[in-house]
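As numbered in full-length UniProt numbering, residues 1 to 561 make up the sequence shown, in order.
If you are wondering where the hints come from, they were derived from the structure by calculation, not from laboratory data. Ideal Cβ positions, reconstructed from N, Cα and C, are used throughout, including at glycine. Where hints are given, some of them may not hold.
[To be verified] With beta-carbon atoms standing in for the labels, derived distance ranges:
hint, residue 1, residue 2, range
1, L188, E417, 55 to 63 Å
2, R213, R186, 36 to 44 Å
3, E110, L192, 18 to 26 Å
4, G336, A514, 35 to 43 Å
5, S393, E311, 26 to 34 Å
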Amino acid sequence: MRRHTFGFVFQGYNLLARLSARANVALPAIYAGMAAGSRNARAALLLERLGLGDRLDHRPTQLSGGQQQRVGIARALINGGRVILADEPTGALDSRTSREILALFRTLCEEGHTVVIVTHDSTVAAAADRVIEIADGRIVAAHTLRAPATPPKRPAPQRGGAPSRIRQGYDAVGNAAHTIVLHRLRNLLTVLGIVVGIASVVLAVAMGEGSQREVMSNLAGLGSNVIALYPSRGQDGLTLRQTETLTPVDVERLAALPFVNGATPAEQQHLLLRFGGRSTQVTLYGVAPSFFRILPMPVLAGHTFGDEALEQGRMEVLIDTRTREALFARHEEPLGAVILAGDVPLKIVGIVQPAISSRYGLQPFAALPYSTFLKRVAGKRSLQSVLLQISESVDHAVGIAAVRKLLETWHGRRDFEIFDSEEIRAAFLRTRRVFGLLIFAVAGTALAVASVGVMNMMLVAVAERTREIGLLMALGARRSDVMMQFLVEAVVICGAGGVFGIGAAFVVGYAVRALGAPVAMAFGWDTVAAAVVSASLAGITAGVLPACRAARIDPVDALAR
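Using the sequences and the accompanying hints, generate a full structural model.
What follows is the structure in structure tokens.
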């Protein structure tokens with residue numbers, strides 16, 4: 001009833017300096033549920049009627065006192081204004097402008113509005129139809145100066161219907177954005193804190209996800225159920241000495257076990273491959289034929305070498321596509337060509353897809369029979385490492401235990417180490433969870449500090465805008481409307497910080513990738529979702545206390561300041 005029936009005209013005008021004349025007039029219609037287009041059109045119509053059609057977009061500071069009071073009267077009429085309460089409406093005006101305002105009130109009375117003027121000026125009182133004198137809170141006299149010539153017609157209030165939540169939210173966001181832009185420097189500094197906090201959260205999630213993907217990809221590149229055997233390392237003073245324990249005989253025995261799908265040495269040495277006038281640095285591997293079954297490294301052309309090549313120590317080699325591109329032109333056929341590995345001639349019999357996802361694909365790759373590698377390249381008989389694949393029909397842990405027991409039996413002691421990718425994967429996930437919580441704690445602390453900064457800024461804003469809050473309540477805003485307005489402002493500030501924080505995190509990620517830093521980052525929708533949720537929670541947390549404090553303000557005390 002208050003917002004649809006009563007309109008207020010103040011001695012000090014009480015116009016919001018940040019709004020135009022039209023926006024000031026339309027303000028009560030927001031809380032009456034009137035659509036934006038309708039309220040702006042009606043505000044313009046009322047201002048034109050009051051002679052301010054050319055001042056629609058002027059701020060209060062650009063208007064004279066009389067013009068500001070006309071804006072106040074138009075504001076009182078926007079929702080119908082059946083009853084207009086005017087508190088000393090001419091107190092701040094000169095005599096000529098005062099007469100114009102009183103004449104305007106007379107016109108409104110003739111149109112059916114009830115105008116109640118509170119004044120100490122007998123001249124103003126003499127312009128009324130009926131005068132009621134009050135002293136010390138009591139009516140001491142009441143008399144009628146003149147009766148209206150014709151019964152006034154009752155104006156129809158401009159009801160916009162019950163305000164919808166969607167429309168209220170839309171208007172609140174618009175008002176919040178306008179207020180934030182008005183105090184752009186202060187809000188920019190506050191938003192920077194949110195940007196840092198959100199960027200920290202996004203980078204924390206991206207680094208955690210990226211490191212997990214990289215490690216899991218590398219482990220997957222070793223194949224499923226694959227374990228690696230290494231000679232054990234003994235302590236020799238301050239020097240680590242690698243013992244020579246694993247031999248080709250161990251490989252043959254392991255490959256013959258019923259629960260092992262395949263076993264292969266994985267000897268390696270960095271060499272320069274040459275062909276014609278071209279050369280490239282590669283990692284040359286000495287392996288068994290089962291190497292290409294154990295690891296996901298498909299053959300693109302030619303073939304792998306077989307057991308016969310292994311037994312005969314043939315000078316055959318397989319290269320990957322990167323080695324081919326480095327040594328051969330597009331029109332040249334690499335199959336059958338003889339290349340030099342150091343001073344050792346090798347014939348190319350196949351081309352394989354590089355295993356990018358594993359350590360075997362970190363640089364250009366070439367492989368030859370391990371018998372040839374040991375004799376012609378390494379010049380030794382012991383093995384650096386052995387790969388073997390446990391059958392899926394056997395429990396992985398049981399298979400590893402059996403391999404360990406058999407090797408101890410064959411060697412008479414434990415002179416080897418077992419690298420289990422599944423165990424490493426589980427350990428990595430446990431470590432990642434711990435470090436993830438630590439990183440989130442640091443990022444969350446940064447975001448919490450930024451949220452406190454937003455809360456502090458909003459509390460200052462509530463103190464600065466106390467009179468504005470009282471005015472909004474007088475114009476029809478409920479306490480819930482005021483609470484929503486300040487809560488939305490906090491959320492919009494944090495939301496803007498969230499958007500810029502996400503952008504900053506992506507820029508940092510791109511810069512890290514461009515600089516070649518060894519930091520894996522993976523940005524995805526889950527990362528963006530985490531940032532949005534974090535920004536929203538920060539905004540709600542920062543806005544609740546200021547919004548509640550604003551909603552508890554007494555409009556009478558606020559307007560009296």
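Each hint, compared with the structure:
1. L188 with E417: 55 to 63 Å: holds, 57 Å
2. R213 with R186: 36 to 44 Å: Once the Cβ atoms are compared, 41 Å apart, the range 36 to 44 Å for R186 and R213 holds.
3. E110 with L192: 18 to 26 Å: Given a distance of about 57 Å, which is not inside 18 to 26 Å, the answer is violated.
4. G336 with A514: 35 to 43 Å: About 41 Å separates the Cβ atoms of G336 and A514, which means 35 to 43 Å holds.
5. S393 with E311: 26 to 34 Å: holds, 29 Å
Hint compliance for this structure: hint 3 alone is broken.
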